[in-house]
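J.: This is what each chain is made of:
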Amino acid sequence: QKEVEQDPGPLSVPEGAIVSLNCTYSNSAFQYFMWYRQYSRKGPELLMYTYSSGNKEDGRFTAQVDKSSKYISLFIRDSQPSDSATYLCAGPNTGNQFYFGTGTSLTVIP
Amino acid sequence: EAGVTQFPSHSVIEKGQTVTLRCDPISGHDNLYWYRRVMGKEIKFLLHFVKESKQDESGMPNNRFLAERTGGTYSTLKVQPAELEDSGVYFCASSLSRQGTQYFGPGTRLTVL
Chain A
588 QKEVEQDPGP LSVPEGAIVS LNCTYSNSAF QYFMWYRQYS RKGPELLMYT
638 YSSGNKEDGR FTAQVDKSSK YISLFIRDSQ PSDSATYLCA GPNTGNQFYF
688 GTGTSLTVIP
Chain B
1451 EAGVTQFPSH SVIEKGQTVT LRCDPISGHD NLYWYRRVMG KEIKFLLHFV
1501 KESKQDESGM PNNRFLAERT GGTYSTLKVQ PAELEDSGVY FCASSLSRQG
1551 TQYFGPGTRL TVL
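Sequences listed follow chains A and B, in order. Here the first sequence is numbered in this note's numbering, starting from 588 and rising by one per residue. Here the second sequence is numbered in this note's numbering, starting from 1451 and rising by one per residue.
These are calculated hints, taken from the structure and not from any lab test. As the structure is a prediction and not an experimental result, all values here were calculated from the model. Among the clues, some could well be false.
Listed below are the simulated DSSO-like cross-link pairs for lysine-lysine, each with C-alpha atoms no more than 30 Å apart in a straight line [stated by the list, open to error]:
1. A:K629 with B:K1491
2. A:K629 with B:K1494
3. B:K1528 with A:K643
4. A:K657 with A:K643
5. A:K629 with A:K643
6. A:K657 with B:K1494
7. A:K654 with B:K1528
8. B:K1465 with A:K643
9. A:K657 with A:K589
10. A:K657 with A:K629
11. A:K589 with B:K1491
12. A:K657 with B:K1501
13. B:K1491 with B:K1465
14. A:K643 with A:K654
15. B:K1465 with A:K657
16. B:K1501 with B:K1528
17. B:K1494 with B:K1465
18. B:K1504 with B:K1494
19. B:K1494 with B:K1528
20. B:K1528 with B:K1491
21. A:K589 with A:K654
22. B:K1528 with B:K1465
23. A:K654 with B:K1491
24. A:K643 with B:K1504
25. A:K629 with B:K1465
26. A:K589 with A:K643
27. B:K1528 with A:K589
28. A:K589 with B:K1494
29. B:K1528 with A:K657
30. B:K1504 with A:K589
31. B:K1528 with B:K1504
32. A:K589 with A:K629
33. B:K1465 with B:K1504
34. B:K1504 with B:K1491
Footprint (simulated), chain A over chain B, 3 or more residues, beta carbon under 8 Å [claimed, not checked]:
35. 1468-1479
36. 1485-1499
37. 1552-1560
Glycine included, every Cβ here is placed at the ideal spot set by N, Cα and C.
All chains should be built: construct the whole structure from the sequences, respecting the hints.
T.: Here is the structure:
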């Protein structure tokens, strides 16, 4: 079983839509989680991180963690064409070794 | 502030050849990580340096891979001899502290023919 599972998509939505990206994880030792955004031919860039269960909001982005069900989500409100990218969820073990999901490819259509 | 840089951006080599990838972390970042993404798979951890010391190399696939970080600044990852299954994108990341945010470089795309 993979440490982090993520639906690869692809996901295509119209501009302005609410996007929901989801991951599940199996390692209860993960203490916090990250969402990275990766544009084509670029490295992943940190979008958001959250330490505990609940929501964390940053502008149009909301990260949500449900530790009881080992489920993490990223919501994008009022999606824009510039949001088109691959979104990666990740969790670190105690040694800060990251376990990544395979990434979900998102296209926002103008 | 300059980000993490990697060289080369692309490398195409034949099976059996040697390739060396280089990573320059953000200045002052003691922690340096190497990751690899094979096509269609997730990004996977290879190893972690703290300054010049290997903290965790549990993700290194086999002894054909050798990572160094002499002087605790830039790092190199050598693959010798390269095999077809080594093809993928090799990412480097650095962080200020052990639990700190990891900043990724743009990656080196390695193709072994």
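J.: Against each hint, give a clear statement of whether it holds in the structure.
T.: Consistency of the hints with the structure:
1. Our distance criterion of 30 Å between C-alpha atoms is met by K629 (chain A) and K1491 (chain B), whose separation comes to about 17 Å.
2. Proximity of K629 (chain A) to K1494 (chain B) is assessed by CA-CA distance (about 17 Å); at most 30 Å being required, the pair is judged to hold.
3. The suggested pairing of K1528 (chain B) with K643 (chain A) is violated, with an alpha-carbon distance near 40 Å, which exceeds 30 Å.
4. A hinted pair counts as satisfied when its Cα atoms are at most 30 Å apart, and K657 (chain A) with K643 (chain A) qualifies at roughly 16 Å.
5. At roughly 26 Å between alpha-carbon atoms, K629 (chain A) and K643 (chain A) fall within 30 Å of each other, so this suggested pair holds.
6. Pair hint K657 (chain A) plus K1494 (chain B) holds up; C-alpha atoms about 20 Å apart against a cutoff of 30 Å.
7. As the CA atoms of K654 (chain A) and K1528 (chain B) are separated by approximately 39 Å, the hinted pair breaks the 30 Å bound.
8. For a cut-off of 30 Å, the pair hint linking K1465 (chain B) to K643 (chain A) is broken: about 47 Å separates their Cα positions.
9. For a cut-off of 30 Å, the pair hint linking K657 (chain A) to K589 (chain A) stands: about 13 Å separates their Cα positions.
10. Restraint check for K657 (chain A) and K629 (chain A): satisfied, since their Cα atoms lie roughly 29 Å apart, inside the 30 Å limit.
11. In summary, the hint linking K589 (chain A) to K1491 (chain B) is supported, as the alpha carbons are separated by about 11 Å, within the 30 Å threshold.
12. Distance check on the hinted pair: K657 (chain A) and K1501 (chain B) sit about 34 Å apart at the alpha-carbon level, beyond 30 Å; violated.
13. Distance hint between K1491 (chain B) and K1465 (chain B) is fulfilled; the C-alpha atoms sit about 21 Å from each other, no more than 30 Å.
14. Distance check on the hinted pair: K643 (chain A) and K654 (chain A) sit about 14 Å apart at the alpha-carbon level, within 30 Å; holds.
15. Note on K1465 (chain B) and K657 (chain A): the hinted pairing is violated, with a Cα-Cα distance of about 42 Å set against a maximum of 30 Å.
16. For the given pair, K1501 (chain B) sits about 18 Å from K1528 (chain B) by alpha-carbon distance, which is consistent with the 30 Å threshold.
17. For the hint linking K1494 (chain B) to K1465 (chain B), the alpha-carbon distance of about 22 Å falls within 30 Å, and the restraint holds.
18. As the CA atoms of K1504 (chain B) and K1494 (chain B) are separated by approximately 17 Å, the hinted pair is consistent with the 30 Å bound.
19. A hinted pair counts as satisfied when its Cα atoms are at most 30 Å apart, and K1494 (chain B) with K1528 (chain B) qualifies at roughly 17 Å.
20. Between K1528 (chain B) and K1491 (chain B) the CA atoms are separated by roughly 22 Å; this keeps the pair inside 30 Å, and the hint holds.
21. A threshold of 30 Å between alpha carbons decides the hint, and for K589 (chain A) with K654 (chain A) the separation of about 17 Å falls inside it, so the pair holds.
22. Restraint check for K1528 (chain B) and K1465 (chain B): the C-alpha separation of about 14 Å stays at or below 30 Å, so the hint holds.
23. For the hint linking K654 (chain A) to K1491 (chain B), the alpha-carbon distance of about 25 Å falls within 30 Å, and the restraint holds.
24. Between the alpha carbons of K643 (chain A) and K1504 (chain B) the distance comes to roughly 34 Å, so the proposed pair goes past 30 Å and is violated.
25. A threshold of 30 Å between alpha carbons decides the hint, and for K629 (chain A) with K1465 (chain B) the separation of about 26 Å falls inside it, so the pair holds.
26. Distance restraint check for K589 (chain A) and K643 (chain A): the Cα-Cα separation of roughly 25 Å lies within the 30 Å cut-off, and the hinted pair is therefore satisfied.
27. Between K1528 (chain B) and K589 (chain A), the direct Cα distance comes to roughly 27 Å. Compliance with the 30 Å bound is thereby established for this hinted pair.
28. Taking the CA atoms of K589 (chain A) and K1494 (chain B), the gap is about 11 Å. The hint holds against a cut of 30 Å.
29. Using a Cα cut-off of 30 Å, the hinted pair K1528 (chain B) and K657 (chain A) is violated, with the two alpha carbons roughly 37 Å apart.
30. About 25 Å separates the Cα atoms of K1504 (chain B) and K589 (chain A), which keeps this hinted pair within 30 Å; it holds.
31. Annotation: proposed proximity of K1528 (chain B) to K1504 (chain B) holds, straight-line Cα distance about 15 Å (limit 30 Å).
32. Distance hint between K589 (chain A) and K629 (chain A) is fulfilled; the C-alpha atoms sit about 25 Å from each other, no more than 30 Å.
33. With a CA separation close to 27 Å, the supplied pair K1465 (chain B) and K1504 (chain B) stays within the 30 Å bound.
34. A C-alpha spacing of about 25 Å is found between K1504 (chain B) and K1491 (chain B), which places the hinted pair at or below 30 Å, so the restraint holds.
35. Look at the stretch 1468-1479 of chain B against chain A: 0 of its residues bring a Cβ nearer than 8 Å to a Cβ of that chain, fewer than three, so the hint is violated.
36. Look at the stretch 1485-1499 of chain B against chain A: 8 of its residues bring a Cβ nearer than 8 Å to a Cβ of that chain, three or more, so the hint holds.
37. Under the rule that three or more residues need a Cβ within less than 8 Å of chain A, the assignment of the stretch 1552-1560 of chain B holds, with 6 such residues.
Going down the numbered hints, you'll see the structure goes against 3, 7, 8, 12, 15, 24, 29, 35, while the others check out.
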